[in-house]
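As you go down the protein sequences, you meet chains A and B in turn.
Letter 191 of the first sequence, counting from 1, is numbered 191 in our numbering, and no numbers are missing.
Letter 336 of the second sequence, counting from 1, is numbered 336 in our numbering, and no numbers are missing.
There may be inaccurate statements among the hints.
To spell it out: a stretch of chain B is covered by chain A in this simulated footprint if at least three of its residues, at any positions, have a beta carbon under 8 Å from a beta carbon of chain A; those stretches are [said to hold, decoys possible]:
1. 40-47
2. 51-64
3. 179-189
4. 278-291
Since the hints were derived computationally from the structure, they do not count as laboratory data.
As the structure is a computational prediction, the values presented were derived from the model and not from experiment.
The C-beta atom is built at its ideal place from N, Cα and C for all residues, glycine as well.
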Amino acid sequence: MLERLSRPWPDHRAERTLGAVSLLVCALVVAMVVFVGIHAWPIFEHNGLSWLGSGGDLGRQLANMQNTTQHPPPSAYHLRAWPLVYGTLLTTVVAVVLALAIAIFSSIFIVELAPARLRRLAIPVIRLLASVPSVIYGLIGILVLVPFVGNHVISGAEKQSVQNVVLLTGAGLSVTVVILTVMITPIMVALICEALVSVPSSWREGAVALGVNPLRAMLAVTLRAARPAIVAAAVLATARALGEAIMISMVSGSRAFSPKPIDGLVFFFEPLRTLASGIVDYHEGIGAPALGSALYAWALLLLFSAFVLSIAGYLIKLPLRKFQVRG
Amino acid sequence: MSTGLQQWAPSPPPSSGPPMKTGRGRRSSPMTWRWRDRLALAAAWGAGIGLCLIAGAIVVYMGYRGIQYLRPSLLVQRPALSTSQSGTGGFLDPLIGTALLTVIGIVLAVPLAVGGAIWIAEYGRPTWLARVVESSIEMVAGTPDIVIALFGLSIFQLGLFAPFSFKASGGGVFGKSFIAAGAMMSLIALPPMFTATRDGLQAVPAHMREAAFALGKTRIATIRRVLLPSVRSNIATGVTLGISRIIGDTAIIVLLLGETLRLDPQGSVPGIGLLRGTGSTLTSYVYGNSPAGEGAAPQKAYAAAFVLLLFVLGLNLIVDRIGRSSADATGMTVAGAVV
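Whenever a hint applies, use it, and build me the whole structure from the sequences.
Printed below as a string of structure tokens:
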């Protein structure tokens, strides 16, 4: 038996074995959708898609779910999770927009403006920023930024103005968005830099030869040619921001509260909770069938968004093949 | 996802490098530019320098706190329950937990990632199936770790997998153990390893394969004797990136490893009992000791986070070193993956 294995493999058997290994990955993805879907099903069964809507106090609904027995009555499955969906959309959209602006400008800086020595320093530094674990970002957020915002940025009058509704501690929208932006910018910078470098430099040199200054040539020619890559970078960063759980659970104040823009400045300091951080916050109650099903429903929504974003990223990158850019 | 940062980062020697861009002498002075362009220039400098400063500030601040609170004794003491910060012991168990999970995750992920990459790059037929495999790996890469953690919980709570974790007195399967967490960690580590290996294989010049075929080697022999040795550095890069993702992940630990600070073996068989048991890692230790967890021992959290950051820094250096040395040796570049 051992002798048979140590002999060189015939080609067709090697091909089939390696193919089977690859198919295992596909099977895992299918299994992931199936298992998360099965566990999420009771929520869809009892609420349809309206669990995405608003209505009632989400905290009370979740407490109801947690307090039921192993065979909860249908009423326990009542769920309206709009605050979580809103929190996820709000943090993700704001962070991605901010990060996109920062990433575009800093990519131009790295590719075009930075002196060689600074560039050699900037690249590893940005790679490091991308690989700092999210729990460290969360720790800095909760121990440094949250107390700072709570003590120095929010005025007493602002705290009093909403004290009957929500407690402003500093943990909330602004800190969450700032840290999330720092977390996703490096991913975008990496992808945008790659795209900027791969655009044929003769295009830009043509513009410079016509008398345009180098920066404008960069903006008007190279950046424009790299537009698909920029969108792809934004899509990838969106996927990362959507799924960020631990950091947000640490610094967002973890209250199923929807920050309201009509509150004026206070809006930026109001606590919130996202789908992913909600899963972390409630994971201890996963044994209760109704609550567990709710968590899996949130996970299914995240999974669905991730798949949609993944497909969108693929479609956007198609035109890039022209320049032989692999993203 | 290849970043390409390295492809031009180490400023290759002039003979083999890309043609020089606009030289310094040709650049027009920004003082003559329009306002909009000057604003854009300022924004670009500001953003670039700002990002570097943020990264620097994080490292310096964590270093300052780490030196302030990290004592060598913390590394060898086991965590203990106590109401005061000084009595809570060190983080020996979390360190062991991190090492154990890394080993399990990498051991499970390497065959999948390397096998899949070889199949995609060297066989890849039928084409549609190869496309499906590639996009499913991309989907794994895009799936949030918290979703992967819930997926792991759902499969390891099946009765079928009961031997891999432990049973509660009532007969319910917990689905929390080193094996469960390690298996899900391998999913996290898979995409960067796959991408690095595939990109390396695709960058091997076709004439190397043709030469091996001409000598009468079969495809699989070519792969084993010619291709795999030549992409060793790519695989090493992928493994390093995988390790840095595993040691940095928190969501999977919090859901799948339980929140016992100490290693908590299940059953009487020593090695297997440990694998079936629960424990903690550096990330879950930081999380648990931050104000977000129950511990509320920020000094310990800072110290552990500093150690974690040192690991990440070290792994980053290794990736850089591998990339540079392999570029020197073969003239090829390793496409590192950041995401």
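**Request:** Taking the numbered hints from earlier one at a time, note which ones the structure violates and give those numbers from smallest to largest.
**Result:** Of the numbered hints, just 3 does not hold.
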